[in-house]
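Visitor: Take a look at the letters that make up each chain.
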Amino acid sequence: MNQRIRHLTVAFVVLFGILFMQLSNWQVVRRDALVRDSRNNTLDRERFDSPRGRIVTADGVVIAESVEKDTGEFRWQRRYPAGDLYPHITGHYTLSFGSTQLEHLERRLLSASTPGAVEVTVRDDLQRVAQAALAGRDGSAVVVEVATGAVLAMYSNPTYDPNQVAQHSGAAAEAYLEVLNADPEKPLLANAFQERYMPGSTFKILTTTIGLETGALTTASTFPNERRWVPPNTDNPIQNYAGKTCGGDLAEVFRRSCNIPFARTAVAIGPSEFVAGVNRFGLDQTLPFDLQGAATSTFGGTAGDFDNSLALLAIHGFGQGSVQVVPLHMAMITASVANGGVMLEPRVVKRTFADDALVIPGNGTVSSPIDNIVRTTPVRQWRRTMAATTAATLTTSMEGVTQSGTAACCLQIPGVRIAAKTGTAQLNPEGEKQRSHAWITAFAPAEAPKYAVTVMLKGTSEEISAGTGGRLAGPVARQLLVAALNGAQ
Amino acid sequence: MACVFAAGAYALAYDSPRTDMSLARLPLMLTVLALWGLAHLVVRRVANGADALLLPVVAVLHGTGFVMIARLANKWADLQTVWSVVGVGAFLAVLVLVDRPLDLRRWQWTCLGAGLVLLVLPMVPGLGFTSGGARIWVSIGPINFQPGEFAKILLAVFFAAYLDERRTLIVQSEHRLWGLNLPEMRHLAPIAVAWGLSVLVMVGQRDLGSSLMFFSLFVVMLWVATEKTGYLVVGSALFLAGATAAYFLFDHVRSRVEVWLDPWSRFTDRGYQPVKALFGMANGGLWGEGLGNGQPSAIPAAHNDFIFAAIGEELGMMGAAAVLAAYVLLVGAGMRVALRAQRDFEKLLAVGLTTILAVQTFVIIGGVLRVVPLTGVTLPFMSYGGSSLVSNYVVLALLVRMSDATARELREVPSIPGVRERVAMRLAQRRETRR
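Note that the protein sequences, when read in sequence, are chains A and B.
Counted the way our numbering counts, the first sequence spans residues 1 to 489.
Counted the way our numbering counts, the second sequence spans residues 1001 to 1435.
Hints listed in this document are in silico derivations from the structure and should not be mistaken for laboratory results.
Built from N, CA and C at the ideal position, the CB exists for glycine as well.
Output of the computed footprint for chain B on chain A, the stretches with three or more beta carbons under 8 Å from beta carbons of chain B:
(1) 5 to 11
(2) 19 to 26
Taking lysine to aspartate or glutamate and the DMTMM-like style, the derived pairs with C-alpha atoms no more than 25 Å apart in a straight line are:
(3) A:Lys350 <-> A:Asp290
(4) A:Lys186 <-> B:Asp1269
(5) A:Lys433 <-> A:Glu185
(6) B:Lys1075 <-> A:Glu73
(7) A:Lys186 <-> B:Asp1262
(8) B:Lys1075 <-> A:Asp49
(9) A:Lys433 <-> A:Glu463
Input sequences plus hints: build the corresponding full structure.
Guide: Following this line, the structure appears as structure tokens:
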């Protein structure tokens, strides 16, 4: 009997040894991953129920604040006065479902014993124009200040109301989140920077840049007038948009957005030079943005992948195939053309303040004593995308697009020179029902650039799929540029 | 030592601004400290040959648990103090009333009957009620308790006595069936009936942790008594078959297993508690956040089934590993009682009681750490809850008593008459003198 008891003791010691190993697994080995998990932001009720600092826009509009309640278990309710206008920037602050975006990233400052405040670079007037101009259509609009990389507007549809997620009734908030999670268009994600899409012809900005810098393309290059071209390694011909015949010099093919010339240019540049070129634009690298979860634009292949498939490289040359770009990244690429080839880091936090009480928003600005400022986000260069001369050539070509090209219909403002590129990214295979994203990316004024705008409408509806980037996205970009140029700043 | 340890922990937690502990509650801690002092003195007096490790280890566990409960909420500290008094009271009562462990043998059929009645009690309409998904509670007047906690002790006593009496019969009467050596049914019948009933009842009450505990208790005792590995094999096979059947038959079992395998994607509903517990422990890291500095109240049932996660968060891996070590010491001490015991009945009873402690501890800590699927049982001596604390103190009293009896038998300490015997002697003397 004693031997059995000894065996049993050993068995129990082994079992407790397993417990010990698993304990060290959770508390030491896998600790970092667990601590970093975004759901690991447990607040005890006491800490949750304290006033938090405000988040205000650059033009002095409060977009997140704590208000006192008379009823209920908690005294303080987080409120988002603009409703569904800013959820992807402020995020939300909840007891049971964690917090996101600035509410999460700036949590130490916002919920300090003396609450601090956050000022964002976004302008409320532009953000409202973006929402109104998109008119409920799926997609996003981004306005960036060329000289600083500051995001002046960034709005995505579908959106959601953070007030509903932050309400103290856990059941109601959970029911709302369930609806959001069930939506295939993912309202909780900002498609302006947390998703990536086929860029269509807006990608020709990159192809042109790489062509000019590698010498595969010059301002004197001309392309034959043709309807079809069969690239190497395939029998399938490449066609222009809507099967048109198209050709001419660089300015003309850029203005009219012919496909074949850019397909030819991509093949002329060759796989390794082309991939090195797109990497200079930051494709396949994480966008250095100060909000959570920025997506990564991708070229959809390495140089080696394209060596035996020049046809695929040709298609990528005009933004089709598996190339995908984040709308905010496209805005930064456009801004880098405007900026003489320097691409800045995009950012949404303008300043942070130590004491919320000393911050006075209003009258189109935010004022605070200088010594109350904790941090002013510096302007930082991310990459050098092209030489200044290349940027100048591109600017001229992009002005042609609004003067007499694919955006002439819809992106003209009297007295303002605008540089732009449209894109209609065809999502359906040849012969099937037309489905496409509508893009436009632009900056103005062309001679002294101030604002870069990127508008992308998702091809989720008949209306968008039937239209082109110029006709659909052009008017949205126009309204934004008008508002930005006439605005207070 | 244990008292200093618990008092120090209490002071640490009290010092933190994040708890609502107040000076007014200090008497509670002092009461619990005094209880151990009293228990220690009584053990020295009536069981001075007992293993010197048993009571202090339990005091450390009970103290750590008590401080954690007091740190979580005052209202639980109030009640837990009451339970501590009742628990230590039960410990002393058993110690005094049970002079000779062997006497318990005579009560084996009473134990079986009472144990089964207690097991069935929660299913009696009007008495039993469901809390936390398991119908294991009984309400008599103002007192709610879990009879299963006491049934386990009674059944352990019955099994020890029954197997002690018939183990030779069981072993000798074997005949081969399907390549297996099986004893005659009539020798095994009472065991099979008791075991089957208790498992059935526990499954019926949706309390998987307890049924696992009963199962392992019986299989282990049968194995130790008969020294036949076959019982272990057959028992494990039966358990696996039962577990598989339960998985397919019961939704709540299936959902438990699914949550165990992947709590992450179920964070918004059933996975919330285990994931929060893991987050808490990860936040604690190696050294912990310090008593009173963590947020263990974010874990549902942190004072009860999940108290180990709260310990892990605030005392870190070091503290949690120390608690594990304390349980290993306790189980080791229990097994030493069994090894040293001179009579088979005491050996079996000590093994049974220690197995209860070890399996219960493993099942709940393993559940919290995701080693096994989570089942709702309490952590012995640490979790909040009266039934569990009282019944585990009874287990401790029996172990202390048996350890003392062995020491006397081995002449390590002089064999003095027990309290009850002395009372009986005195009464007899008085009768003599009256005559």
